Every structure is written in C-alpha cells, then in structure tokens.
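Trainee: Build out the structure end to end from the sequences listed, making use of the hints.
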Amino acid sequence: MDMTRRAALLTSAAIASNVLFPMRSFAQETPRKGGVFTVHYGAEQRQLNPSLQASTGVYIIGGKIQEQLVDLDATGQPVGVLAESWEAAPDGKTITFKLRPGVTWHDGKPFTSADVQFTAMEMWKKILNYGTTLQLFLTAVDTPDPLTAVFRYERPMPLNLLLRALPDLGYISPRHLYEGKGDIRQNPVNLAPVGTGPFKFAQYERGQHIIADRNPNYWRANAPYLDRVVWRVVTDRAAAAAQMEAGQIHYSPFSGLTISDSARLGKDPRFIVSTKGNEGNARTNTIEFNFRRKELADIRVRRAIAHALDIPFFIENFLGDFAKLGTGPVPSVSTDFYPADNGPQYPFDKALATKLLDEAGFKAGAGGTRFSVRLLPAPWGEDITLFATFIQQSLANVGIKVEIVRNDGGGYLKQVYDDHAFDLATGWHQYRNDPAVSTTVWYRSGQPKGAPWTNQWDWTDPTIDKIIDDAATEVDPAKRKALYGDFVRRANTELPIWTPIEQIFLTVINAKARNHSNTPRWGSSSWHDLWLAE
Amino acid sequence: MRVLALAGRRLAASIPTLILILIGVFLLLQFAPGDTVDAMMAQMGGGDAATARHLREFYGLDLSVWAQLGNYLWRLVRLDLGFSAIYGKPVVTVIAERLPATILLMSASLSFAFFFGLIFGVIAARGVNRWPDTLISTLGLIFYAMPTFWFGLMAIVVFSIYLQWLPAGGFEDITVSLTGLARTLDIAKHLILPTLTLGLFYMAIYLRIMRGSMLEVLNLDFVRTARAKGMDETRVVVRHVLRNALLPMVTLIGLQAGTMLGGSVVVESVFSLPGLGRLAYESVVQRDLNTLLGIIFVSALLVIAVNFIVDLLYARLDPRITAGA
Numbered sequence: 001m002d003m004t005r006r007a008a009l010l011t012s013a014a015i016a017s018n019v020l021f022p023m024r025s026f027a028q029e030t031p032r033k034g035g036v037f038t039v040h041y042g043a044e045q046r047q048l049n050p051s052l053q054a055s056t057g058v059y060i061i062g063g064k065i066q067e068q069l070v071d072l073d074a075t076g077q078p079v080g081v082l083a084e085s086w087e088a089a090p091d092g093k094t095i096t097f098k099l100r101p102g103v104t105w106h107d108g109k110p111f112t113s114a115d116v117q118f119t120a121m122e123m124w125k126k127i128l129n130y131g132t133t134l135q136l137f138l139t140a141v142d143t144p145d146p147l148t149a150v151f152r153y154e155r156p157m158p159l160n161l162l163l164r165a166l167p168d169l170g171y172i173s174p175r176h177l178y179e180g181k182g183d184i185r186q187n188p189v190n191l192a193p194v195g196t197g198p199f200k201f202a203q204y205e206r207g208q209h210i211i212a213d214r215n216p217n218y219w220r221a222n223a224p225y226l227d228r229v230v231w232r233v234v235t236d237r238a239a240a241a242a243q244m245e246a247g248q249i250h251y252s253p254f255s256g257l258t259i260s261d262s263a264r265l266g267k268d269p270r271f272i273v274s275t276k277g278n279e280g281n282a283r284t285n286t287i288e289f290n291f292r293r294k295e296l297a298d299i300r301v302r303r304a305i306a307h308a309l310d311i312p313f314f315i316e317n318f319l320g321d322f323a324k325l326g327t328g329p330v331p332s333v334s335t336d337f338y339p340a341d342n343g344p345q346y347p348f349d350k351a352l353a354t355k356l357l358d359e360a361g362f363k364a365g366a367g368g369t370r371f372s373v374r375l376l377p378a379p380w381g382e383d384i385t386l387f388a389t390f391i392q393q394s395l396a397n398v399g400i401k402v403e404i405v406r407n408d409g410g411g412y413l414k415q416v417y418d419d420h421a422f423d424l425a426t427g428w429h430q431y432r433n434d435p436a437v438s439t440t441v442w443y444r445s446g447q448p449k450g451a452p453w454t455n456q457w458d459w460t461d462p463t464i465d466k467i468i469d470d471a472a473t474e475v476d477p478a479k480r481k482a483l484y485g486d487f488v489r490r491a492n493t494e495l496p497i498w499t500p501i502e503q504i505f506l507t508v509i510n511a512k513a514r515n516h517s518n519t520p521r522w523g524s525s526s527w528h529d530l531w532l533a534e
Numbered sequence: 535m536r537v538l539a540l541a542g543r544r545l546a547a548s549i550p551t552l553i554l555i556l557i558g559v560f561l562l563l564q565f566a567p568g569d570t571v572d573a574m575m576a577q578m579g580g581g582d583a584a585t586a587r588h589l590r591e592f593y594g595l596d597l598s599v600w601a602q603l604g605n606y607l608w609r610l611v612r613l614d615l616g617f618s619a620i621y622g623k624p625v626v627t628v629i630a631e632r633l634p635a636t637i638l639l640m641s642a643s644l645s646f647a648f649f650f651g652l653i654f655g656v657i658a659a660r661g662v663n664r665w666p667d668t669l670i671s672t673l674g675l676i677f678y679a680m681p682t683f684w685f686g687l688m689a690i691v692v693f694s695i696y697l698q699w700l701p702a703g704g705f706e707d708i709t710v711s712l713t714g715l716a717r718t719l720d721i722a723k724h725l726i727l728p729t730l731t732l733g734l735f736y737m738a739i740y741l742r743i744m745r746g747s748m749l750e751v752l753n754l755d756f757v758r759t760a761r762a763k764g765m766d767e768t769r770v771v772v773r774h775v776l777r778n779a780l781l782p783m784v785t786l787i788g789l790q791a792g793t794m795l796g797g798s799v800v801v802e803s804v805f806s807l808p809g810l811g812r813l814a815y816e817s818v819v820q821r822d823l824n825t826l827l828g829i830i831f832v833s834a835l836l837v838i839a840v841n842f843i844v845d846l847l848y849a850r851l852d853p854r855i856t857a858g859a
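If you're matching them up, the sequences are chains A and B in order. Take 1 as the starting number for the first sequence in our numbering and just add one per residue. Take 535 as the starting number for the second sequence in our numbering and just add one per residue.
No lab work stands behind these hints: they were computed from the structure. Be aware that a few hints might be false.
What the hints assert, rightly or not - Chain B side only, calculated, beta carbon under 8 angstroms to chain A, not exhaustive: (1) G568; (2) D614; (3) I620; (4) I708; (5) T793.
Claimed, not checked - DSSO-like, lysine-lysine: derived pairs with alpha carbons at most 30 angstroms apart: (6) A/K126 - B/K623; (7) A/K109 - A/K181; (8) B/K763 - A/K181; (9) A/K125 - B/K723; (10) A/K363 - A/K324; (11) A/K98 - A/K350.
Keep in mind the model is a prediction, meaning the values are calculated, not measured. Where a beta carbon is used, it is the ideal one built from N, C-alpha and C, also for glycine.
Mentor: Below you can see the structure in the form of structure tokens.
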C-alpha cells in the first residue's frame, strides 16, 4: 500500500497538467460521425428510469435515453432541454414552463405537457428520492395547451432552487407507457426505458452490458455523433483499469477506478484523468456524531475530535490533488451558495484538542484512554476506508479509543440511520447544486427514523430549523444566499456533522473522446455532442 | 441396477441436507443488518420513510421471520423459487440467464484441470524424484499458491494489454453482432483466460493427487505380477495402474464441482463474466434473499447431480463397489 500511495503522489504533478488542459487543442477538428463508445458500469441498479431514481448509477445510462426539462450549461447555469423557457409568478407559487415543440418519444408518440404533468405528479412527487421532498408543496400541474406546463405550489417555490434541482430531479417519462399500467415501480419499461434523448435503448443483459443506439429522429440537428453507446458491467476496479488499457472501455466515470490506477493512467497520454465535468457532483467527507453518547453531545468533545485530525496531511498523503480542505456543508464549487464567511474552522491542533477534552471532564484513565467509540465507515469508496483508519489513529493520540465497525451498503444505512448503533460515522455528503435538495435534511430536526442521509444524530437546534425553513420558501435569490450563509456558519459552530474534506469525482477517459467533460454534470448528461476521433 | 439403487439412496439422503442448508442460510441472512430495502436505499442515494414502508410491504418484509421462512418453504414445495427483488423478475429466469456462462466456465476448467492434472500426474509419478517430477511439482505448487485474482489480472496484463491476443474481459464482443460459428469462436476466445485462471489452480490439486495415487498403486502386488508377466511399462501404467489410480481423482471432481460454483466469484469479477458466483455475491450485498436461496438450491441440485454421476463412474472403474453394496 505504501508503495502505491507514494507512486500516486509522484504522479500527481503529471495529472495536474491534465486537469488544467484537459481539452488540449481539439477545437479545430471536424466531428466524426459514427463509432461505439464504451462505458465502465460498476454497480448495476434495479431500474434505469431517472424519473424514479436520482442517482449517478441511473443517470449514467438513463440520462442518455431520457431528458429533463432543464440541464446545466458549461458555466453551470440552467439551460432548456425539453423546456424552452420558464417564468415564475411574483408570489413564487406558480412556475410556467414553455415546452419544446416537435419532440417525439422513441416510439414515435409526441412529447406534450401531459407527460410533464404525469411525471411530476406521479413520479417526482410520489416516488423519486429527493423529488418527494422538493415537490412536497406541489399541488397541481396545469396543461392549458400541449406545450405549456404550469406548476402550482401551496408555498412559494424559489425559481432558482427549482432550476438547479431539475437537472437531476426533472427527467420526464412517457405518460402513455405508464398510466393505467399498474404499479409504476414494477413497470417493465423501467428496465427498457423509452425517452426523447439522443440514444434509444436497445438491450440489457444483466451482469454483462447495456446497449443504446443512435436516435435518428433526435430533435437536435446533426446529433448525436455516436452510433452506439455500450455500458460494460465490470465490478472489479482493477479489471476495469485493465479493460481501459486494452481499449475495451473508453470511459470510467465517477471515480470508478482505484486512486492508484487513476494516478497511473493519468501519466499515460492515451488517457485523460480529470475532475472536470464533475463539478455538479461535489461531495464532502463527513464525520457524523451521535448525540445519544453523552461524550459526543458535548460541543467541546466534537471540536476536540475535529482539532485532533491533521486533514492537510491526510489529503496530501492519501488523496493527492483531487481533494481539498472542506469548509462546511456547502462546497466551494457551488458558486451560487458558497458563503464568503464559513464560520469557525477547526485546524489541526493536538494541544487544543487535549485541552478541550480535559475541560469537558473526560480525563485519561488507565493506559491513557479517555473513552471508547464505535466508528462506522460507509462502504462507498476507498477514501472513506482510509479516512476511518486515519481517524482511528489520530484519535488514539488524544486518548480516544476507536473501534471500526465495517458494513456493506444496506447494513451501514440500517445501523446508522435506523438502529442508531454508532458513535461516529464517516461517509460522503453529496451536494446537489442547491442546499435545499439534499443538504439541509442532514441538519433539520424531525426527520422520520430510518430515512437515510438525514439528521438521525438526535440533535435538535431551533435556530438552524428556522433558517432552513425560511430559506426553503425565500424567492429572492440574494436573500436565499444570505440565509444559507447563516446556515453554514451555524452548522460549523454547533458541529453536529463535520465536513473536513471536499472532493469532486474523478473521470478517466480515453483521449480519443471529443466534447467530453464540457458541462458540470457531464457524466449524467445526454452526450448529444460527444464524438470519437479515429 | 444395483448401482442405480445405491446412487438413488444417496440421492434421497441429500434431500434433508438441502432443506437444512436452505433454512440455515435463510436464518443466517437474517443476522446481517439491513434488508433489501436498505440496500436499495443505499443504491439510490436516499429516500423517504414512506417509500421504504411501501417497499417493505411490497416485498413481504413486514412479516415476521418465521412467517417469511414458512412462506418460502411452502413456495419451494410447489417448485416456485419466488421473485427477485433486485432484478424484478422470477428467480428462475434470473438464474437461467446466468447458468450457461457458469456451466461453460465450470466444465471447461474442470476438464482442463482433470485432463492436464492426469497427464502431468502420471509423468511426475513415472519420473519420481527425477527432473520431470521436480519441475512439475514445483510448477504445481506455484499455481496452487498463487491467488486466482492476481493470476487473472497478470494474465490480462500480459495477453490483453501487452500482446493484445485475447480480450480483457466479458463473455462476448458486444460492439459487433456475431452469429453462428463466429459467435461460438468469439465466446471461446473470451473464455480462454478465465478457464486457465480457474483451471490451473485445480490442475495443481489433481496433479498432486494423481501423482500420489499413482505412486501408491505402482507399489501394489498386482503391478509386480503384471511386470513379472513381461508386460511393457506403458501397458502396465495404462491398463493396470491408471484405472485404479483414477478413483481418488473422480472423488475430487464430485467435491470440487461445488467449490467451483462458489469459488468462481473472483474469476467472474476479474473477467466480468455473468456467472452464478457474482450473482450470489450481489444477492448477499443487496439482501435479495429469494435469489440467494434460489442459487443455493440450484447449486445444490448441480452438486447432487455431479455426485450421482461420480457414483456411477465409481462402479464402472471399480466393480468391487457394486459388489460390496
């Protein structure tokens, strides 16, 4: 392991140059039609319809077949896809979308506002994860004509919140294939999706591959360039790296390869390794504190734990160039909400950590141990496993004994969010372009027991609850930004969760690919302009 | 007929074992924290409590453990393996999709291991303690000691990345559509490396067993008699020794058919093959109880079938077994 880490560091400089100039000088080339683009698909999902499941594992496939009302453009601003324009009423309770004319589903039926109405009311509001929260106060979608959809809300819905949420939570499904066909979740179309996108679903062989072919009737002129996209199911990360080298796979999205393989391929001119195109998928490494433990309910202990960890050392030695110091629940890539002042920070200071623990009254007992805690690392990535070990060793230095308890995905969620059988937990918080989408639920009290990635820490703070509620219905963008600044400062002061590291997913892609990584959520986007050079 | 009666009795005896195994696995999985809905939430990256409740009702997870077990066994009696939570299809269909790749890989590597294990075992035994024996035994030890995943990855690095002779993974080429003989050859090409990776490990075992068994039989009285009759060495080995030395090898096949079904998870993952091993692994992670129990059921049937054939082979190789029964 030591060798690979050292190797990773030595190569970081080479990768940095790729990060800075990932597009090189492709601008003059004429796009080539044709070609098969192969994608590494690490974890198969139970279904492929992005109107029903918001996760990168679904977008990476479903996002090429189905489209949403709006996506993000190269600068991170909302741009119309199936919607051409939008307008909010001054009271914020009505938002009107004008839809794109002349768009047809892959089966030839026209796309209309009835599809938007059905998808919003039956899928986003009832089934889609995060959609159910976002659309909680959606009362109706009116369809005055086939190309107009009017969203009506019980409480004001900030337009900029909706527009930043819809790229992920705004995929449209064909009403005629779902309505009156029984349970939406069990509809076979979910595994053979029908959309309006540049690629038509062709085949799904479980455990092997998924194939989508070029849609000849796509509404964008001269798109797409590729004939076919193939997703190869490769569960072993080392095998995926080997298949990239053998040319069997062109693209491994969302940090699909190991840190050491990514670093190695970054030195190879045949590949581009970069965080570009993933800015919309920022995440922070977290430490969650369980307030049911009296030691951890003491703010001095939480701060001491934060001060006991030398985060710059960890980043430099284990994560390389692809991570940086976290400053709070809103990551620095969020240009719309990142506050100028993040409130208190907790730099490494072992003496201060020891002092805080002494003040809190947890004196070192026999063998220098003050108390013991159970730490549950989430199984989502190797960085979490490494970080858990780092926490264990760092806290041993200040007299806190850490026992690491490992679980697989289902077990982790059950133990942390339902059984509350943890003292410390460490995982990822995924930021989805607006704090109201998936961030504030980590802090707002009153979350139902068992709901994953929500406040299950037994921590209640009326101050932060009020800020969150006010911001969720504030229609003035400047005031919303200010409120989220208050939110971040309060979160960093009370520290129910610490967000010490900020990361962006890593893309490894064959250098023959052109027009890649050109939007902040490129891996999830439709790839209508992607092409392969000879 | 006597042989069939013997094998049939063995067959009947395996049914209670099968039921015990299924109940055991069912209960064991209850101890794992989280259920299939938790695993689903983990995959989705979030969801609310109402959704979770609805899903639990849908999958019948709101019932007590004993009621669930009762339901399962009752379905099994009616030969219904149930519905897979991850795949959204009947378990029978899910397994049927994966079975061809597994059986292909299993039979290819078992035949490879058996055939070459036998040949090298005989060569080593005939040249015992001389250079062929030393060379073969050393190589065997290396293959036996090498972790399969490492060997698989190294094979990919050499044959797929540097030499570019063979594909690095997958079951067939999906960027082009092949049919008939071309497709068969394509699949065969994809299976060379996985077969070698899985087969070399087992070959090492067969080789050791064959060598030991040959050496033992070579010292028996009837071999001395055969030689005394003036038979040449090749005839002695082929006609007299080999047949008797094969018995432990055949026993091993029966034992390893089961091991191979489970042990191929690593090879299937490294070479991205859609086999039963990976399906079983995924079912555990996803807490898809129906699929997991279905796989165990089918694997058990396969093992029982293989052992049935082994019993028949025994009788063919050594008539004393039938006589004794």
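Trainee: Hinted pair, alpha-carbon criterion (30 angstroms max): A/K98, A/K350. Please report holds or violated.
Mentor: The given pair, whose Cα atoms are some 58 angstroms apart, is violated under the 30 angstroms limit.
Trainee: Using the nearest Cβ pair, does B/I708 come within less than 8 angstroms of chain A?
Mentor: holds (5 angstroms)
Trainee: Measuring from the C-beta of B/I620 to each C-beta in chain A, is the shortest one below 8 angstroms?
Mentor: holds (5 angstroms)
Trainee: So, B/T793 near chain A? Judge it on the closest CB pair being under 8 angstroms.
Mentor: violated (20 angstroms)
Trainee: Run the distance test for B/K763 versus A/K181: straight-line Cα separation, threshold 30 angstroms.
Mentor: Violated, because 82 angstroms separates the two Cα atoms, which is more than 30 angstroms.
Trainee: Is the hinted pair A/K126 and B/K623 satisfied, with a Cα-Cα distance of at most 30 angstroms?
Mentor: Distance of about 23 angstroms is within 30 angstroms: holds.
Trainee: Quick one, are A/K363 and A/K324 close enough, alpha carbons at most 30 angstroms?
Mentor: violated (33 angstroms)
Trainee: For the pair supplied as a hint, A/K109 and A/K181, confirm whether the alpha-carbon distance does not exceed 30 angstroms.
Mentor: Holds: A/K109 and A/K181 sit about 17 angstroms apart, inside 30 angstroms.
Trainee: Could you grab the alpha-carbon distance between A/K125 and B/K723 and see if it respects the 30 angstroms cut-off?
Mentor: violated (49 angstroms)
Trainee: So, as I understand it, the hint says B/G568 touches chain A; can you test that by seeing if any CB pair is closer than 8 angstroms?
Mentor: holds (3 angstroms)
Trainee: Using 8 angstroms as the Cβ threshold, decide whether B/D614 counts as touching chain A.
Mentor: Check failed: Cβ of B/D614 comes no nearer than 18 angstroms to chain A, outside 8 angstroms.
Violated hints, listed in ascending order, are 2, 5, 8, 9, 10 and 11; each of the other numbered hints is respected by the structure.
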